[in-house]
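Peer 1: Given next are the chains, with one letter for each unit.
Number of protein chains: 2
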Amino acid sequence: MRVAYHEQMSDLATQLADMCRLAEESMERATEALLQADLSLAEQVITKNEQIEQLSVSCEEKAFALLALQAPVAGDLRQVISGIQIVADLDRMGALALHVAKITRRRHPNHALPEEVNGYFAEMGRVAVALGAAAREVLLTRDPERAARLQEEDDAMDDLHKHLFTVLMDRDWSHGVAAAVDVTLLGRFYERFADHAVQVARRVIFLATGRMPGQLPEHELLQED
Amino acid sequence: MRVAYHEQMSDLATQLADMCRLAEESMERATEALLQADLSLAEQVITKNEQIEQLSVSCEEKAFALLALQAPVAGDLRQVISGIQIVADLDRMGALALHVAKITRRRHPNHALPEEVNGYFAEMGRVAVALGAAAREVLLTRDPERAARLQEEDDAMDDLHKHLFTVLMDRDWSHGVAAAVDVTLLGRFYERFADHAVQVARRVIFLATGRMPGQLPEHELLQED
Chain A
45 MRVAYHEQMS DLATQLADMC RLAEESMERA TEALLQADLS LAEQVITKNE
95 QIEQLSVSCE EKAFALLALQ APVAGDLRQV ISGIQIVADL DRMGALALHV
145 AKITRRRHPN HALPEEVNGY FAEMGRVAVA LGAAAREVLL TRDPERAARL
195 QEEDDAMDDL HKHLFTVLMD RDWSHGVAAA VDVTLLGRFY ERFADHAVQV
245 ARRVIFLATG RMPGQLPEHE LLQED
Chain B
45 MRVAYHEQMS DLATQLADMC RLAEESMERA TEALLQADLS LAEQVITKNE
95 QIEQLSVSCE EKAFALLALQ APVAGDLRQV ISGIQIVADL DRMGALALHV
145 AKITRRRHPN HALPEEVNGY FAEMGRVAVA LGAAAREVLL TRDPERAARL
195 QEEDDAMDDL HKHLFTVLMD RDWSHGVAAA VDVTLLGRFY ERFADHAVQV
245 ARRVIFLATG RMPGQLPEHE LLQED
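Top line first, the protein sequences correspond to chains A and B. Under my numbering, the residues of the first sequence are numbered 45 to 269, in order. Under my numbering, the residues of the second sequence are numbered 45 to 269, in order.
The set of hints was computed from the structure by calculation and includes no laboratory data. Check each hint, because a few of them may be wrong.
Which copy is meant is left open, so a pair is good if it fits within one copy or across any two.
[What the hints assert, rightly or not] Straight-line alpha carbon distances no greater than 25 Å define the calculated DMTMM-like cross-link-like pairs of lysine to aspartate or glutamate that follow:
no. : residue 1 : residue 2
1   : Lys-146   : Glu-196
2   : Lys-206   : Glu-167
3   : Lys-146   : Asp-120
4   : Lys-206   : Glu-87
5   : Lys-206   : Asp-216
6   : Lys-106   : Asp-202
7   : Lys-146   : Asp-55
8   : Lys-106   : Glu-87
9   : Lys-106   : Asp-199
10  : Lys-206   : Asp-55
11  : Lys-206   : Asp-62
12  : Lys-146   : Asp-214
13  : Lys-92    : Glu-197
14  : Lys-146   : Asp-202
15  : Lys-146   : Asp-82
16  : Lys-92    : Glu-159
17  : Lys-106   : Glu-72
18  : Lys-146   : Glu-105
19  : Lys-106   : Asp-120
20  : Lys-92    : Asp-216
21  : Lys-206   : Glu-105
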C-alpha cells in the first residue's frame with residue numbers, strides 16, 4: 045500500500061509540473077504570436093489549451109482518489125490539498141495564455157499592439173515564462189527558498205505593468221481607444237499569470253513549512269493608490 | 045465524534061455562506077460608490093476586505109482540521125474538498141469588489157465612469173450581486189437545480205459585457221483613453237465576479253452529484269471570436 049501510495053503522490057507532482065510546463069509554453073507561444081501577429085501560432089495555443097484542461101481534470105481526479113483511498117495524514121495530507129489548489133492556479137495560467145492568443149486571432153491580420161508597446165510585452169512575456177519555469181522548479185524540488193525568491197521576481201512584472209499604464213494614460217496615446225482596450229486587457233492577463241505562478245510557489249511554502257499562507261496581497265494596478 | 049463532526053461540517057458551510065454574503069455586500073457597496081463617486085463608501089469596501097480575508101483563512105483552516113482529524117470519506121470528503129476550492133472563489137469575489145472600490149478611490153473626486161456607461165454598470169452590479177446571492181443560496185441549500193440555473197443567469201452578465209465593449213470600441217467614444225482603460229478593467233472585474241459565483245455553484249453540483257466538474261468555459265470577452 046505505501047509503495048503504491050508514494051508512486052501516486054509522485055505521479056501527481058509530475059502531472060502538476062507537466063501542467064505548469066504546458067502553461068509556460070502556451071504563454072511563450074502566445075507572446076510570440078502577439079508580437080508577430082502570427083495567426084497559426086495563436087491557433088496552436090488555442091488548440092493546446094484543451095490539453096491543459098484535460099490535465100487539470102486528471103490531476104483533480106488523482107488527488108481526490110488519493111484522499112479517498114489512502115486517507116493520508118499530516119504532511120501528506122497537506123501535499124494533496126495543496127495539489128488541488130495548485131491545479132486551479134495552473135488552470136488559470138493556461139486560460140490567461142489562451143486569452144492572449146484569442147486577442148491576437150481577433151485582430152489578425154492587424155497587430156493587436158501598437159509598435160510603441162511591443163517592448164513592454166516582449167519583456168512581460170519573458171518574465172511571465174520565467175516565473176512559470178520557476179514555479180515548476182519549485183513544484184519539483186519543493187525548495188521553500190526558491191519559492192520565496194519568486195515573489196521578488198514578480199516585482200519586475202509589477203514595474204512593467206505600472207510603466208505600461210503610464211504610457212497608456214499619461215502620454216499622447218495616438219493609437220485610439222480600441223488599441224488601448226486591448227493593451228489594458230493584455231497587460232492584466234500577463235500580470236495575473238505572474239500572480240498565479242507566485243501563488244503556486246506560496247502553496248509549496250505551505251507544503252514545506254506547514255504554515256497556512258496568508259492571503260496573496262494582489263499587486264494592485266497603478267500602485268499609487 | 046460524529047456529532048462534533050457534523051457540527052464542524054455545518055459550521056464550515058455557514059462560514060462559506062457568510063463569506064459569500066460579505067463578497068455580495070462588498071460588490072453592492074462598491075457599485076454604489078462607483079456610480080456616486082462616493083469616497084467614504086469606497087473606503088468602507090476597502091476596509092471590509094480584511095474581514096473576507098480573515099474568513100478565508102479561517103475556512104481553510106477549518107476544512108484542513110476536518111480532514112486531518114476526522115478523515116471523512118465519500119460524500120463528506122467531497123464536501124470538504126469542494127469547500128476548500130469554494131473558499132478560493134469567494135476570496136476572489138471579495139478581491140474583485142475591492143478592485144472596483146480602489147478605482148473609485150483613485151479617481152475621486154472625479155467619477156471613474158463617463159455618464160454614458162453608468163447604466164451598464166448599475167445593471168452589471170445588480171446582476172453580480174444577484175449571482176452572489178444565488179451562489180449563497182446554493183451553498184446553504186445544496187440544490188443542484190438552483191445551481192444549474194445560475195449559469196443561465198450569468199448570460200445576462202455576458203450580454204452586458206459585450207454591449208459595453210461595443211460602446212467602447214465601435215462608437216464615437218469621446219471620453220478619452222484613461223476612461224476607456226478604467227471602463228475596460230471595471231467591466232472585466234464584474235464579469236470575473238460573476239464567473240466565480242457560477243463556479244461556486246458548479247462545485248456544489250459536484251458535491252450533490254459526485255461528478256467532477258469539467259472546466260468552466262470562461263466567457264470570452266467579445267464572443268465573436
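Peer 1: For every hint, state whether the structure bears it out.
Peer 2: Taking the hints in turn, this is what the structure says about them:
1. Lys-146 <-> Glu-196: Intra 30 Å, inter 24 Å, cutoff 25 Å: inter-copy only.
2. Lys-206 <-> Glu-167: For Lys-206 and Glu-167, only the intra-copy Cα distance (13 Å) is at most 25 Å; the inter-copy one is 30 Å.
3. Lys-146 <-> Asp-120: Close neither inside one copy (39 Å) nor across copies (40 Å); limit 25 Å.
4. Lys-206 <-> Glu-87: between (30 Å within a copy, 23 Å between copies)
5. Lys-206 <-> Asp-216: Within one copy, since 17 Å is at most 25 Å while 28 Å is not.
6. Lys-106 <-> Asp-202: neither (35 Å within a copy, 33 Å between copies)
7. Lys-146 <-> Asp-55: This pair counts as neither: shortest intra-copy Cα distance 32 Å, inter-copy 42 Å.
8. Lys-106 <-> Glu-87: neither (30 Å within a copy, 43 Å between copies)
9. Lys-106 <-> Asp-199: neither (34 Å within a copy, 32 Å between copies)
10. Lys-206 <-> Asp-55: neither (39 Å within a copy, 42 Å between copies)
11. Lys-206 <-> Asp-62: Cα proximity of Lys-206 and Asp-62: none, with 31 Å in one copy and 35 Å across.
12. Lys-146 <-> Asp-214: between (28 Å within a copy, 19 Å between copies)
13. Lys-92 <-> Glu-197: neither (27 Å within a copy, 30 Å between copies)
14. Lys-146 <-> Asp-202: both (23 Å within a copy, 17 Å between copies)
15. Lys-146 <-> Asp-82: Answer is within; shortest intra-copy Cα gap is 11 Å, inter-copy 36 Å.
16. Lys-92 <-> Glu-159: neither (28 Å within a copy, 42 Å between copies)
17. Lys-106 <-> Glu-72: neither (28 Å within a copy, 39 Å between copies)
18. Lys-146 <-> Glu-105: neither (29 Å within a copy, 38 Å between copies)
19. Lys-106 <-> Asp-120: Both. Shortest intra-copy (14 Å) and inter-copy (18 Å) distances satisfy the 25 Å Cα cut-off.
20. Lys-92 <-> Asp-216: Result: close neither inside a copy nor across copies, 38 Å intra and 38 Å inter.
21. Lys-206 <-> Glu-105: neither (39 Å within a copy, 35 Å between copies)
Checked against the numbered hints given earlier, this structure breaks hints 3, 6, 7, 8, 9, 10, 11, 13, 16, 17, 18, 20 and 21; the rest are met.
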